[in-house]
Every structure is written in C-alpha cells, then in structure tokens.
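Using the hints, position chain B against chain A.
So you can see what is in the structure, the chains are spelled out below.
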Amino acid sequence: MQFFGGSEISPSPPTLTVSGNNAHMMYVFNRNGVCLLYREWNRPLHTLNAQQDHKLMFGLLFSLKSLTAKMDPTSAERGNLGVPQLPGQGCSFHSFRTNTYKLSFMESPSGIKIILITHPKTGDLRESLKHIYNLYVEYVMKNPLYTPGTPIRSDLFNTTLDQYVRSIA
Amino acid sequence: MIGVGKIKQYSNVLDKPLSKGKQEVSLSAFAFLFSELVQYNQTQVDNIAELERRLEDAGYAVGARVLELLCHREKGNRRETRLLGILSFVHSTVWKVLFGKVADSLEKGTEHEDEYMISEKELLVNRFISIPKDMGTFNCGAFVAGIVRGVLDGAGFPAIVTAHFVPVEGQQRPRTTILMKFAEEVLRREARLG
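Heads up: the sequence lines are chains A and B, in that order.
Positions 1 to 169 (full-length UniProt numbering) are the ones given, in order, by the first sequence.
Positions 1 to 194 (full-length UniProt numbering) are the ones given, in order, by the second sequence.
Hints are computed from structural coordinates only; laboratory data are not their basis.
Quick reminder that beta carbons are idealized off the backbone N, C-alpha and C, glycines included.
It is possible that part of the hints are untrue.
One-sided and incomplete, this derived list gives chain B residues near chain A with beta-carbon spacing under 10 Å [as the list claims (entries may be wrong)]:
#1 Q39
#2 T137
#3 C140
The shape of chain A in the complex, shown without the other chains (with noise of 0.2 Å):
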C-alpha cells in the first residue's frame, strides 16, 4: 500500500532495543483455537481486551492458512473454500510482514500453531519455531503435572522460552 504525503504519515519500524528481546510477542494455540501461551514481551499499543486479542489472532490464521491453501497455483486439487484442512495439508503459510512488524508462524502436525511477532528486518524464522516447538515438546508436553488443552503455567518453559527469544538474532 502506497501511503501518499511522504514518510511522516506512514509509522516507522521501530527502533532495536538494545536491553529488551527482539520479538514483541509470541502466541501459541492448539487446535481447537485454545491460546495456550501468550508472552510480551515490547507491545506499545492494546487494542483488544485478551480474549478478543486471541480470537482474533486464530481466527486470522486459520483464514489465512485456508486462503492460502486454496490459491496455490501449483496443485492440483482445489476444494471448496472454507472446507478445514488438516495440518499440513496443502502449502504452508509461514509469514508475513508489515512495515511495522513481521509475524511468522508455524504449525505442527499435531495441531500446535506457534506465533511469533517480531521487528520487520527479522531474517527467515522457521528454525527457530521449529526449537520453540521443541522447547514446547521437552517442558510442557513431558511434565506430568500440565493437563493438555489448558494454558501453560509451567516456570521452566517460561524462562527457557525467554532465554531463547533473547538469542534470536
């Protein structure tokens, strides 16, 4: 989108800081749309109380995801639109930007949709979903004491979530 009238209409990207995380914020929902994790970490503005913030976020994915799937020039099936897909049927969304942010996204076979906002010069994030859902795997699913389906309150996933964020270039 061209914005008319010079720069100083459009926002611009934000600056690095130097002591916070690169990533803004991170969600994480299972398949049945249930936000499992929300960690912010730089998020100047709120619009939406949380529960609307998170319905909105997996309800945009799941259309994209969708949308994305049935515009694929190169295959051959087309269903119908709005007809569910299975995860990891069809070609696989993984990110777009903004000027102002990027968000990338991942999802298992399993269901799990990991998301992840960062600043708009981020690089390709794919490995580093693909260790966050390691992460998830290693802390969350092995701890006996997490009912799955329900929102994640484990310390240790936390912190070692945090720590790899932090690292992320």
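Relative to chain A, chain B alone:
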C-alpha cells in the same frame, strides 16, 4: 524363521544369564513413562502428601531390586556392613547405574548425628518437570528417595528418606537434596562395630 541368529531360547526365564543389558535408554521414553506414573497416581489420591508417598513406594520396589542386581553384577556378591560403605555404594554405584553419573555430593548432617544428605544440582527425573505454585513443596524426586530407601532397607540400614528442594542463590532452579535419617539400631550397631 530364517536368519534368526544364534540366540539360544531358554524355556525358563530364570535360566537366562543375567546380561549387562543395554547401557543406554532413550531419555524421552523414560520421561514420558515417569510422567504417566505421576499422572496415574494423581488420579488416585486427594492430596500432595499421599501422592509423594505413592511415588516413594514405587521407588522402594525399584530400590530393592536394584540392590540385588548391583550386588550380583558389580560387587561380586559382597555385602556392605558399615554405614560409610553403604553410603558410598548408593552415592557412586547406584547413581552411576541409574542416572549415568555419580551424585554431586554426599554430606553428613550437622544438626543430627543420624542424618546424611546426597545432593544433586538437578535430578534426572525432575529435568522436564516444573512444579506450579499451588502444589507447594511437592517434589517428584520422592521417587528417587524411594529408590534410596529400598536400597538401604534391603542392605539392612533402615532409614527414612525424603527429597527436598534447597534454593541456591545465583541459580534459577533449586538444588535437590535426598535426606537420609537412619534408625536408632543402625547407629548403635555402628558404634558397636567401632
């Protein structure tokens, strides 16, 4: 079957030679199995103390068998009669076989004569487990405490063994200490043996 190999089939499993077995087991497999053990016990009990007791009992069964196995394999059927002997057996041999390394440290308690402590930076069973705040002082290391109690009981050193978290400044995760409180008769026997 073609090419089944030279494995001799024994009709009675007790006749099979006691092999050293596979030295390595998948950590993930163990983590999931242990996680299921804890979850199963959680459904059977109402409170934390009962859960810890059940984990300890599970560990006790393991400890009793580990003692027999190790005495046969490693020590040539020798029996430990002194307190220090059995403590160093638990601290090195048992830990090495179960967890792949010797325990971090073995200390004598300062307040009471009958207390000894084995401490570890992080128990293998607790590696992936994070205790939520509302469970208080629950420690899945109760399983390991049960193993130690089984070994000590089988060797003739009855004791009460418990696992505790000890916070350490500078470290995020607290250290774990296995506290062994020996019975009166053990100390009297030690004193008599000189």
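Now for the hints, and whether the structure bears them out:
1. This hint holds: Q39/B has a C-beta 5 Å from the nearest C-beta of chain A, less than the 10 Å allowed.
2. Annotation: interface hint on T137/B violated; nearest CB of chain A at approximately 14 Å, more than 10 Å.
3. The interface hint given for C140/B is met, as the beta carbon of that residue sits about 7 Å from the closest beta carbon of chain A, less than 10 Å.
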